[in-house]
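**Q** Chains as they are written, first to last, in the numbering used here: chain A, 1 to 257; chain B, 1001 to 1257.
Calculated from the structure, these hints are not laboratory results. Hints are supplied without guarantee of correctness; some may be wrong.
In silico lysine-lysine, DSSO-like type, Cα no more than 30 Å apart, as pairs [said to hold, decoys possible]:
#, chain 1, residue 1, chain 2, residue 2
1, A, Lys-188, A, Lys-246
2, B, Lys-1033, A, Lys-65
3, A, Lys-154, B, Lys-1188
4, B, Lys-1117, A, Lys-188
5, B, Lys-1154, A, Lys-117
6, B, Lys-1074, A, Lys-154
7, B, Lys-1188, A, Lys-117
8, A, Lys-117, B, Lys-1189
9, B, Lys-1246, A, Lys-154
10, A, Lys-98, B, Lys-1098
11, A, Lys-167, B, Lys-1154
12, B, Lys-1246, B, Lys-1212
13, B, Lys-1188, A, Lys-33
14, A, Lys-65, A, Lys-246
15, A, Lys-154, B, Lys-1117
Quick look at which bits of chain A chain B covers, simulated, 3 or more residues with Cβ under 8 Å [unchecked claim]:
#, segment
16, 53-65
17, 193-199
C-beta atoms are modelled at their ideal positions from N, C-alpha and C, and glycine is treated no differently.
There are 2 protein chains.
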Amino acid sequence: MTDQTFLDKLKTGWNEGKFVCVGLDNADLQFNKTIVDQTFDLVVAYKPNIAFYEAAGANGLQALKETIDYIKEKSPDVPVILDAKRGDIGNTNEAYTKAIFDNLQADAVTVHPYLGKESLEPFLKRVDKGIFVLLRTSNPGAGEFQDLEVESTKEPLYQVVAEHVAKDWNTNGNCGLVVGATYPEELKKVREIVGDMPILVPGIGAQGGDLKAVLENGLDSNNQGLIISLSRSIIFAPDPREATLKIHQEIVDFLKP
Amino acid sequence: MTDQTFLDKLKTGWNEGKFVCVGLDNADLQFNKTIVDQTFDLVVAYKPNIAFYEAAGANGLQALKETIDYIKEKSPDVPVILDAKRGDIGNTNEAYTKAIFDNLQADAVTVHPYLGKESLEPFLKRVDKGIFVLLRTSNPGAGEFQDLEVESTKEPLYQVVAEHVAKDWNTNGNCGLVVGATYPEELKKVREIVGDMPILVPGIGAQGGDLKAVLENGLDSNNQGLIISLSRSIIFAPDPREATLKIHQEIVDFLKP
């Protein structure tokens, strides 16, 4: 383990030209170890989604803990984003931060914005961690509320959330955003709003998002700022390293001057 | 265990004049058993918040499972609402339903609306369960997004969510809503929108909500429809039964013709 913050670790990866994040969505420690062994030198982060571990009961959660421990042992510079999509009132969020940051030792977490900044303070005050707020999710029905136009500014809700996070929530510099690869136009708009904040982009691969559109619309002013997350299309590929390398190389090629 | 649906169990409780729900927010099985022993004949539901169990690690989640098992053994007609505030994309929500409904055997769950109906189908298709959608939460900063006026109807977001749930999401008759006791005016508005749907009302007790205002604004057309949830002010009371009985009796007195 290192004393780097989550953002330090991200920047280390970006400076080495790494943007791919592997979604470890399978509650099998040995399986995950194999994926990590094959990919740790290529990725900017790992992103286990806790739902798949919870579905496997106590053994699943033990596998999650040991998977995170293994990543930290194998490759301490690669941060772990726990995709948990949490969000409760303040004293309950204190309990979630204990579970996610202190017990599981995740470097970052995804959260729902619906209860507002005040509820999320237990997350936001953890200056060394990363707090990724859901803005525009990758699912087909994401627009039901996220696209609702808000009266005061005539903007869709996801843009209003983006503004709140960028202008008011990010005082510790530890916030990020989640925008699905399936919505590149929305990604472009979010990048305009949030400047150089990190954006986690799921939805390439099994969900059909387009890598080139993500890069064209999502890179920050340093040609960095993106965490491009793939799960099923890497971990269940015949050769996970090959699948990761393919995406990695496409990004390297895109960024060539 | 019985073959009753979640809604059947709720109605059984309401028909017996029970409206109090005890929030079992402490990951200690023996502690919870004592609370259940002291309150099971007075309550319409129990509501453990999973965050407090997650914070206690593997033992905590085992305590949650055994607490739910104990409630079902001691008092099979009293349903368990797992306060988990989940909400992810569809295939991930399948994993959450497995964890919450199949493994833990909860009768109902709380969910975030932000990803829309399409994402929540794995929950909504469980006709025998209860799906409580967050509308207006009890925390002080709840209004940051929930009160944003939406351009098309000039209504605040929480009312738009209420309309979607009542008119479009509830085709299986298994939806409920969450409205904090700390916002009685908003509760009144939600009741007008959703008709006789069940409303889970946290926020009385430690959070300062007023019981009389909740009853005046939240009861349905049958003088039922409310699940009034108290956590800290009951489970940490010197005499939890006495604390439950006091609220129960205030409700009985309010409802006297």
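**Q** Now tell me if each hint is right for this structure.
**A** Cross-check of the supplied hints:
Of the pairs offered as hints, the one joining Lys-188(A) and Lys-246(A) holds, with about 24 Å between alpha carbons and a cut-off of 30 Å not exceeded. The hinted pair formed by Lys-1033(B) and Lys-65(A) meets the criterion: a straight-line CA distance of about 29 Å does not exceed 30 Å. Distance hint between Lys-154(A) and Lys-1188(B) is fulfilled; the C-alpha atoms sit about 28 Å from each other, no more than 30 Å. Note on Lys-1117(B) and Lys-188(A): the hinted pairing holds, with a Cα-Cα distance of about 25 Å set against a maximum of 30 Å.
For the hint pairing Lys-1154(B) with Lys-117(A), the CA-to-CA distance comes to about 24 Å; that is within 30 Å, so the pair holds. Of the pairs offered as hints, the one joining Lys-1074(B) and Lys-154(A) is violated, with about 54 Å between alpha carbons and a cut-off of 30 Å exceeded. Simply put, Lys-1188(B) and Lys-117(A) have alpha-carbon atoms about 25 Å apart, close enough for the 30 Å limit, and the pair holds. A C-alpha spacing of about 24 Å is found between Lys-117(A) and Lys-1189(B), which places the hinted pair at or below 30 Å, so the restraint holds.
For the suggested pair Lys-1246(B) and Lys-154(A), the alpha carbons sit about 48 Å apart, so the restraint of at most 30 Å is broken. Distance check on the hinted pair: Lys-98(A) and Lys-1098(B) sit about 24 Å apart at the alpha-carbon level, within 30 Å; holds. Distance hint between Lys-167(A) and Lys-1154(B) is fulfilled; the C-alpha atoms sit about 25 Å from each other, no more than 30 Å. For the proposed pair Lys-1246(B) and Lys-1212(B), the alpha carbon gap of about 13 Å is at most 30 Å, so the pair holds.
Between Lys-1188(B) and Lys-33(A) the CA atoms are separated by roughly 53 Å; this puts the pair beyond 30 Å, and the hint is violated. For a cut-off of 30 Å, the pair hint linking Lys-65(A) to Lys-246(A) stands: about 29 Å separates their Cα positions. Straight-line distance between C-alpha atoms of Lys-154(A) and Lys-1117(B) comes to about 24 Å, which keeps the hinted pair within the 30 Å bound. For the segment 53-65 of chain A, the stated coverage by chain B is satisfied: 6 residues place a CB nearer than 8 Å to a CB of that chain, which reaches the threshold of 3.
By the rule of at least three residues with a Cβ nearer than 8 Å to a Cβ of chain B, the coverage given for the segment 193-199 of chain A is violated, with 0 such residues.
The structure shown violates the earlier hints numbered 6, 9, 13 and 17.
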